[in-house]
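S.K.: Chain residues, written in single-letter form:
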Amino acid sequence: MRNSKTTQILSYAVIGLLLILYVVPLLLVFNVSLKSFNEYLLNPIGIVKNIEWGNYSQAWSEGNFAGYFANSLIYTVTATVLTIIVSLFAAFPVARGYVMWSGFIYMFFLLSQFLPNPMVAQYKLMLSFKESVSFFGYDTKLGYILLKTTGTGVVFMMFVGYIKSISRDLDEAAGMDGSGYIRYLFQIILPLMKPVIATGVILTAIGIWNDFVGPIMYLPSPSNYPITFGLKEFRGQYGNNWPLLACGITIVAAPLIILYTFIQKYLVDGALAGAVKS
Amino acid sequence: MKWICEVREMYPFGKGFNRFIPLLLLLIPMALYIVFYFGPSILTVIYSFTDVKNLPGSTYQFVGLDNYRELFFSGNSGERWRSIVNTLIFMFVVTIVQNGVALFIAVIINQRLKGDYFYRAVFFLPVVLGVAVVALIWGMMFDPLNGPVNRLYDALFGYQDMFFGSFTHAFGYIIFVQIWMYMGYSMLIFLAGLQSVPKDLYEAGHIDGTNKWQSFRHITFPLIAPSFTVNMLLSIIGAMSTFDIILATTDGRFNTRTMAYDVYKETFRGSLEMGLPSALSVIQFLIILLFVVVAVRQTRKREVEY
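The listed protein sequences derive, respectively, from chains A and B. Mapping of the first sequence onto the numbering used here: residues 1 to 278, in sequence order. Mapping of the second sequence onto the numbering used here: residues 279 to 584, in sequence order.
If you're looking for bench data, these hints aren't it; they were derived computationally from the structure. Backbone N, C-alpha and C define an ideal beta-carbon position, used for all residues, glycine too. Worth double-checking, as some hints may not be accurate.
Reference listing, derived: stretches of chain A covered by chain B, where coverage requires no fewer than 3 residues with Cβ under 8 Å from a Cβ of chain B [unchecked claim]:
(1) 20-34
(2) 45-56
(3) 61-74
(4) 122-133
(5) 150-162
(6) 191-202
In silico EDC-like pairs for lysine to aspartate or glutamate, Cα to Cα no more than 20 Å straight-line [as the list claims (entries may be wrong)]:
(7) A:49 - A:62
(8) A:49 - A:39
(9) A:141 - A:233
(10) B:490 - B:478
(11) B:331 - A:131
(12) B:543 - B:357
(13) B:293 - A:177
(14) A:5 - B:394
(15) B:331 - B:551
(16) B:331 - B:544
(17) A:232 - B:421
(18) B:331 - B:348
(19) A:232 - B:529
(20) B:293 - A:39
(21) B:543 - A:139
(22) A:232 - A:62
(23) B:331 - B:344
(24) A:232 - A:139
(25) B:293 - A:172
(26) B:543 - B:329
(27) A:265 - B:394
(28) B:543 - B:529
(29) B:543 - B:348
(30) B:543 - A:233
(31) B:477 - B:348
Bound conformation, chain A alone (with noise of 0.2 Å):
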């Protein structure tokens, strides 16, 4: 069916009018952030004229935002990782038959999806865990990362769709040979595995980077915050004084934006494996 001049035009008019609803608004903070705050006060939102790169440098020192990417980083890694781990072993035998009731274990860990909202015993739970011992739980750097860790979710289901296309016969050749179960999921399993892996990763990590509500429960102290508290805060700080908000987002986006173009597409079909497999 070929588009008739008209339908293409307007096609391309409607895309533009929603590019300029996500793009101006990035483009309108970039802005922002290189005025100084006198001449944000004075012309909001005109193109800057006096560049003012000192906002960055002073966003950066008072919002401490070092420390709070740090943060970031180690909870984002270390969850991404063990959640994959996890999932393997989670995946592994219930999709090849290899634990008793494999078939109910799989129902039980979807029901996963349909839960009632866990949060209140959650919370009681994470306090009772830092009462007993002070290492774990509440406000705890481990606790955290083992909250955000499951071995049952979306990447669950993905890695038992993947791994029933993954040939018995393998499983048979390498017990033959001599290799144990754990060195056969570790050296051959996982590599077979990898488009569905960079899924997995990909998911993961942007779902315990993003996270919003877990460190306003669970990480109440500064020195646990991780880059999405710190920018909350940093907001409560600087009320208005959007120059320097503005800083604050664009260094907590900008390694969002310039990573994401690497891995872009990867993404988006990963978005959609994920969404379509749940």
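On the provided structure of chain A, position chain B as indicated by the hints.
M.R.: Then chain B, alone, in the frame of chain A:
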């Protein structure tokens, strides 16, 4: 103990203790799930019938339906109903507008426009940036004093708004930001559905003389109904249970509280009473369940396979 490991399949990685390794490793994710998710979820339901307090070592007793009665028939019940109404408005508007816009844009992008990869990447960007950044970006756009949107309003209509500080409008702007943020996600799911529609069906339809709307209504729509189901589920569950956008913009002030926000607020910053937020979680769960069942029934009816 043979029965624990040996099911239908032969286990090729050794005998004796080796047979138990898969089970032992499976216990790790199982334990994480039960301790942090499944257990708390069930406990929340149980808590809703008790007078449990958020104090270490305190005991609790079953109080029947007292918490539920307190939710709806006490002095605060007016506020509670307002949260429920807000939640339903939020869910309906987000589900309908987000999926409507996403489907429309997906159909447009799917006609092989130049630069389609760029467009979808841009529309998906807010999900990558995350709610903290998105809320701050729109906080600047919607700044009542110097924000660009207020300037625009002033120039166009000679009118100024308080945005996130307005008792009547704040909730509407939150809904807008939520849709802005997740529209790209729904659009991607629709695009995946659209790309699986075989092209020759359209040609067959074209020979039979269908117009654009007819071919959309009778060819495209039935075939992408599965992605429609997925999107409906995601946005219903998402809209009913997310409150991070509210937390990040108004923090529940200016009549922007929803049930999910109330659960958080009562658990975390309210009294020591935990039965009340538990009961609220259960009500929230029941409402989600109701709408999910209805939505799945409705969309399943329209699914076809060629």
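S.K.: Now look at each hint and say whether the structure bears it out.
M.R.: Hints versus structure:
{"no.": "1", "hint": "20-34", "in the structure": "holds (count 8)"}
{"no.": "2", "hint": "45-56", "in the structure": "violated (count 1)"}
{"no.": "3", "hint": "61-74", "in the structure": "violated (count 0)"}
{"no.": "4", "hint": "122-133", "in the structure": "holds (count 7)"}
{"no.": "5", "hint": "150-162", "in the structure": "holds (count 4)"}
{"no.": "6", "hint": "191-202", "in the structure": "violated (count 0)"}
{"no.": "7", "hint": "A:49 - A:62", "in the structure": "violated, 25 Å"}
{"no.": "8", "hint": "A:49 - A:39", "in the structure": "holds, 8 Å"}
{"no.": "9", "hint": "A:141 - A:233", "in the structure": "holds, 19 Å"}
{"no.": "10", "hint": "B:490 - B:478", "in the structure": "holds, 15 Å"}
{"no.": "11", "hint": "B:331 - A:131", "in the structure": "holds, 15 Å"}
{"no.": "12", "hint": "B:543 - B:357", "in the structure": "holds, 13 Å"}
{"no.": "13", "hint": "B:293 - A:177", "in the structure": "holds, 14 Å"}
{"no.": "14", "hint": "A:5 - B:394", "in the structure": "holds, 18 Å"}
{"no.": "15", "hint": "B:331 - B:551", "in the structure": "holds, 5 Å"}
{"no.": "16", "hint": "B:331 - B:544", "in the structure": "holds, 12 Å"}
{"no.": "17", "hint": "A:232 - B:421", "in the structure": "holds, 16 Å"}
{"no.": "18", "hint": "B:331 - B:348", "in the structure": "holds, 16 Å"}
{"no.": "19", "hint": "A:232 - B:529", "in the structure": "holds, 11 Å"}
{"no.": "20", "hint": "B:293 - A:39", "in the structure": "violated, 76 Å"}
{"no.": "21", "hint": "B:543 - A:139", "in the structure": "holds, 18 Å"}
{"no.": "22", "hint": "A:232 - A:62", "in the structure": "holds, 13 Å"}
{"no.": "23", "hint": "B:331 - B:344", "in the structure": "holds, 14 Å"}
{"no.": "24", "hint": "A:232 - A:139", "in the structure": "holds, 18 Å"}
{"no.": "25", "hint": "B:293 - A:172", "in the structure": "holds, 14 Å"}
{"no.": "26", "hint": "B:543 - B:329", "in the structure": "holds, 18 Å"}
{"no.": "27", "hint": "A:265 - B:394", "in the structure": "holds, 12 Å"}
{"no.": "28", "hint": "B:543 - B:529", "in the structure": "holds, 10 Å"}
{"no.": "29", "hint": "B:543 - B:348", "in the structure": "holds, 17 Å"}
{"no.": "30", "hint": "B:543 - A:233", "in the structure": "holds, 18 Å"}
{"no.": "31", "hint": "B:477 - B:348", "in the structure": "violated, 58 Å"}
In this structure, the earlier hints numbered 2, 3, 6, 7, 20, 31 are contradicted, and the remaining ones agree with it.
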